[in-house]
Every structure is written in C-alpha cells, then in structure tokens.
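What follows is each chain in one-letter form.
Number of protein chains: 2
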Amino acid sequence: MHTDLVAALDIGGTKIAGALVDDRGHILVRAQRATPAQEDGETVMRAVEEVLGELTVSPLWESASALGIGSAGPVDASAGTVSPVNVPGWRDYPLVRRVRAATGGLPVELIGDGVAITAAEHWQGAARGHDNALCMVVSTGVGGGLVLGGRLHPGPTGNAGHIGHISVDMDGDPCACGSRGCVERIASGPNIARRAYENGWRPGPDGDTSAAAVAAAARAGDPIAVASFERAAQALAAGIAATATLVEIDIAVIGGGVGKAGEVLLTPLRKALTDYATLSFVQRLAVVPAQMGTDAGLVGAAAAALAKGADKAPV
Amino acid sequence: MHTDLVAALDIGGTKIAGALVDDRGHILVRAQRATPAQEDGETVMRAVEEVLGELTVSPLWESASALGIGSAGPVDASAGTVSPVNVPGWRDYPLVRRVRAATGGLPVELIGDGVAITAAEHWQGAARGHDNALCMVVSTGVGGGLVLGGRLHPGPTGNAGHIGHISVDMDGDPCACGSRGCVERIASGPNIARRAYENGWRPGPDGDTSAAAVAAAARAGDPIAVASFERAAQALAAGIAATATLVEIDIAVIGGGVGKAGEVLLTPLRKALTDYATLSFVQRLAVVPAQMGTDAGLVGAAAAALAKGADKAPV
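The listed protein sequences derive, respectively, from chains A and B. Under the working numbering, the first residue of the first sequence is numbered 1, with each subsequent residue one higher. Under the working numbering, the first residue of the second sequence is numbered 1001, with each subsequent residue one higher.
Simulated from the structure, these hints should not be mistaken for lab results. Being a predicted model, the structure only gives us computed values, none of them experimental. Hints are supplied without guarantee of correctness; some may be wrong.
[Unchecked claim] Computed footprint of chain A on chain B, listed as stretches where at least three residues anywhere in the stretch have a Cβ under 8 Å from a Cβ of chain A: (1) 1033-1043; (2) 1155-1162; (3) 1166-1173.
[Said to hold, decoys possible] Computed from the model, here is a short list of chain A residues facing chain B with C-beta under 8 Å: (4) A47; (5) V48; (6) E50; (7) P94; (8) G129; (9) N132; (10) P156; (11) A160; (12) H162; (13) I166; (14) V168; (15) D169; (16) P174; (17) A227; (18) D275.
C-beta: ideal position from N, C-alpha, C; glycine also.
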C-alpha cells in the first residue's frame, strides 16, 4: 500500500489531465479529456468529473491523501476559484469546492500552471537541488513560478512568478493584459513570429509562419529571424535579471515551445543577461533548458499536494 | 533584566549608528560615529569598534543575545562580508567576523540596509500586519526589501528587494550599475532633478537644484517639475507592479527623501500603478508613505537579530 500517494489535475485550455502519483513522482494511473473550452462552466466541470471518475475507480485511489490542481490562470488559491483566460465559462469558478465534493472531501491544493511546472522542475527536473529558482514556460504565452528558500512560492493566491506580465519596456507596445512592454508581449512565440514577419521575413513553401519556423530560419542564418529571437532574448533577460535582483535566484529554467528553440534563444539570452544582471549577487545566475516533459503539470500538482498533505514537502 | 535584548548596527556612507534595542523595538542605549568613508578599511572598522565599545560598557550589554547589522550594500550575508559602494576601503570586508570578535562571540545577523528598513516598517511601521510587502527608500538611490509569507525575505546574500536596479526600460539610459533603464536611473532624487533641469526648469534665487526644490516647484504647478515627478512615478509604478506580479505583495511602502515629497509623487504613482498592475491578483495593491524615522535602520537590524537569536521572529 502506498501511504504517500496523491491525486493530481492539470487543467489547461486544450486538455484536462488527471493522475495518481506516488511520493517519488511516478504516475501510476492516468486519465484525460479534451477541454470543452468554449462550453458553459458546468460542461467543463463534467469533463473534470469524468477524469476524476476514472481515477476514483482505481484500487489505488483509497491511498490518495490529497489532491493537487495546477490550473491555467488566473487562479485564486485563497478563494479556491479559477478564471482561466481560455475557458470563458469559468470566471471565479469554485473549482476547489467542486473537486472536493467529487472526491469525498480530499484536501485540495490549488496553484497556477506556471507554479505547477516550477514544482515539477524543482522536484524532478532542472531546478533540483536549487533553493532559489525561477522556472519559465515560453510558449504561446510566457508563464513561470518561483522556488524561494528551498520551497515553492505560490504566493497567497497561487499566481506568483507571473514573469510574462512584468513590464521591461514601460513605454512599449500595449499588451493584452492592459499593461505595456510586458515580457510576453515581446518574447512569446506569436510575438517572435509577428515581429519577424513585420520586418520582412517570409515563410518557406509550407507557409509555416510559426515561431518554430522562424527558429529554423534563424538556425539557417536568416538575419531577420535571428534579430527577432535576439529581441525576445533581451526581454527575457531583463525579466530574469529583474527577478534575480528582487528575490535572489541562482538558476532560471526555460521550458515551453519557444524554449525548445534551444541555442537560437539561449545563446543571445545568456549574452543579454550579462547586460542586465549586473549586481554582484546576481552575476552567477545560470540559464538552463527545462527537463520535464508534458507531464510536468501533473507532477507539479502532485508535488504541491504532497507538500500540503504530508507536510514533508518535496518542493 | 531584559531577556530579549539585542544589539544593532546601522552602517552607511555618512554615519555608523549602534544601539541596544529591546524586544518591543525601543532603543535603550545608542552610540554614533561619522563614517570615515574615504579612509582605509581598518580605520572604518575602528569607528565601528568605538560604537560597539560604547554599547558594551552599558550594564544592559550582558543581556544582549544577538547583534544585527544593516549595512549599505552590496552585502554578502552568506560570506559575512560587505562592499558598500560609498566605502571604498571595504571590499569583501569580513565585517561579521570582526564584529563577532569585538563582541565576545555574539551571534551576528547581516542584512542590506534596504532589508533592514523593511524589517523596521514591518515590525513597527506602515507594513505592520501585512504578510507580503515591499518597502522602498527613494532617495539619492532607490533601495528596498521584501516581506513574503509573513517573514523578512533577505535572500541568501541579504540583498533581496533591490528594486532600484531592475530595468523597466530595457533600451533606456545606461545606469551606474552597468544595466539600462533601471528604476533608480529614472526615479532617484538626482535623476528627478537632472531631468527637470535638462527640460528647462530653473531654480529660484537660492539656486537649489535638488529634487526637493523640484518637488516644491511641482507643488506650485510648474509643468516641467510636475512632468519629472510623473516620469519618476511611472518607473516606480512599473517596478512595484513587476514586484507584485512576481511575488504577490499587497502593500508598497515608500520612504526616503524623495518619498517625503508626498502627493507630488504618490498621486501620479498610484495613477501609473493602474496602468502596470493589471492582473487580477495585483489590482488591490496599496501604496503608502513610510512611518519609521531615522532609526529605521537600527530598529530593522534589531528585528533581524531578534528573529535569528530567539527564533520567535518579530519580522
């Protein structure tokens, strides 16, 4: 019998994944549904309940001591509600109460998806052994989370580490969030692609105008594609340096689709970091690629549940 | 007899202050020397030892259980060394070891001066009762510190909260730290004054070109003076919003000489904050003036020592 087994939910705009995870981070049972993101809130909740239903019929379920949720944000851990941007049917939706009801009253820990990824990288991935870390997802958006003093720092509402929406160019272009010059507005995949296109880069015969196509062009030496990644790297470097200067971190872990561009992004990012991370206590900051795969959200949610349920925190 | 009495040192480029402080934050004994900032390191240390000497002859000294140091930065709490910018004779100077030797082996806690001010505001001042706070000093420079989860967050080296040197204008003017567009480069007193002067503001008959004179002109309606404070407020707002977005704070406390400008700064700052603090979890952020006076550094250093010495943290 597993005494330290937890349930985990990873809720995004595309899929809802669930798992039973042991205290070493192994996924023992899993379930998944597509997110009916454009449906009403109850329909979305039914998909969550179907995932939970598959988990609860497992003979391992009775060993689960807690349940962790990593959800697309914003979340409000203090209220137990979520308002994922890409799930309009959920606004201040009482997800914690509904999940607790569907699971017979298990303790539930809610964190944002960037925080969940961070918990996973700290427990099992590239941030392992680092007491002060920033983990980022650079993809369609830019998200993140923090480990401070050896422990996950979700903040009171579970949203801490939102590096995509700090302004590094306070007179810059308007961002969808309402601010200006946010890291995401400059460094997300769509913005890398848009900037390359606006500056004259054109796709190949396949018509692919994604950031991945721009990355391929940059790797082949296209100067406009290279410049677009350099600009993204500059914004990421300013944001990472700001984080290090504010809270002292010694490693920044970069994941997500744009993160997978590899040295096309990381080489100019490390170079730009020397321009912005100038104070003595931030100069030793390492930038490394993420190690966790698509299960990062589940593993991180499990880590948060283990930390809450057992108070012998893996994160 | 005071069982929870601590010693405190506040070390700056102008003065070295020391005190014995009780567990309610009252200063019972104090001593002070001018900082021989341009002398060699040993001469500076002798001034510290003279301050300590005045404290150790007090009959209360035997009750002191620990000693806290708030020092101009950068500091390195992990190494026990300090390298204050304005005290060139001290570079990686082993201040903790020397103070411990001069005090018969008291436990010593070293933090940066911005962190010390924050400890004081959280214990006795404007951040009291707030579990997540940013406290700032806006003066010749811009410094700060953080309270996270109800506790002071000095970071591993004691420098966390260095908001003056995060870049909010990544293509902006070069800063003395080596980066660009730092909050301090835009919002410090000398930069407020410089910008007003460059844009055509001129001092009155007294020839005073300080930020305080620009503040007086702004209060009298001078549009160039007003604009210079608005630009400073914009940079401060972007920095405060970045901090809230990264770690979740619910209050920002503004002290220091420029902070004393009052509504000339705070009104545009609160307005600009609505432009940059846009995500749901940062929208309730309050901005208030500091409450602690010139003893803030001593009281904060004492708070850090009490937290370390007794493990029943006031901060």
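Practice problem: Mind taking a look at whether chain A covers the stretch 1166-1173 of chain B? Criterion is 3 or more residues with CB to CB distance under 8 Å. | Solution: holds (count 6)
Self-check item: Hint status (Cβ of A:V168 to nearest Cβ of chain B, threshold 8 Å)
Solution: holds, 5 Å
Quiz item: Three or more residues of the stretch 1155-1162 of chain B near chain A by CB distance under 8 Å?
Solution: holds (count 7)
Quiz prompt | Minimum beta-carbon distance criterion (8 Å), A:P156 to chain B | solution = OK, holds: A:P156 within 8 Å of chain B, min 6 Å.
Exercise. Would you settle whether the hint for A:A160 is holds or violated, based on the nearest Cβ-Cβ distance to chain B being less than 8 Å?
Key: holds, 5 Å
Exercise. Using Cβ atoms only, decide whether A:V48 comes closer than 8 Å to chain B, and label the hint accordingly.
Key: violated, 22 Å
Quiz prompt | Given hint A:D275 near chain B, where the shortest CB pair must fall under 8 Å | solution = holds, 7 Å
Exercise. Let me know if the C-beta of A:E50 comes in closer than 8 Å to any C-beta of chain B, holds or violated.
Key: violated, 29 Å
Quiz item: Does the nearest C-beta of chain B fall within a distance shorter than 8 Å of the C-beta of A:I166?
Solution: holds, 4 Å
Quiz prompt | When the least beta-carbon distance from A:P94 to chain B is tested against 8 Å, hint result | solution = With Cβ-Cβ at 16 Å, over 8 Å, it is violated.
Quiz prompt | When the least beta-carbon distance from A:P174 to chain B is tested against 8 Å, hint result | solution = violated, 10 Å
Practice problem: Test coverage of the stretch 1033-1043 of chain B by chain A using CB-CB distances below 8 Å; three residues minimum. | Solution: Result for this restraint: violated, n = 0.
Violated hints, listed in ascending order, are 1, 4, 5, 6, 7, 8, 16 and 17; each of the other numbered hints is respected by the structure.
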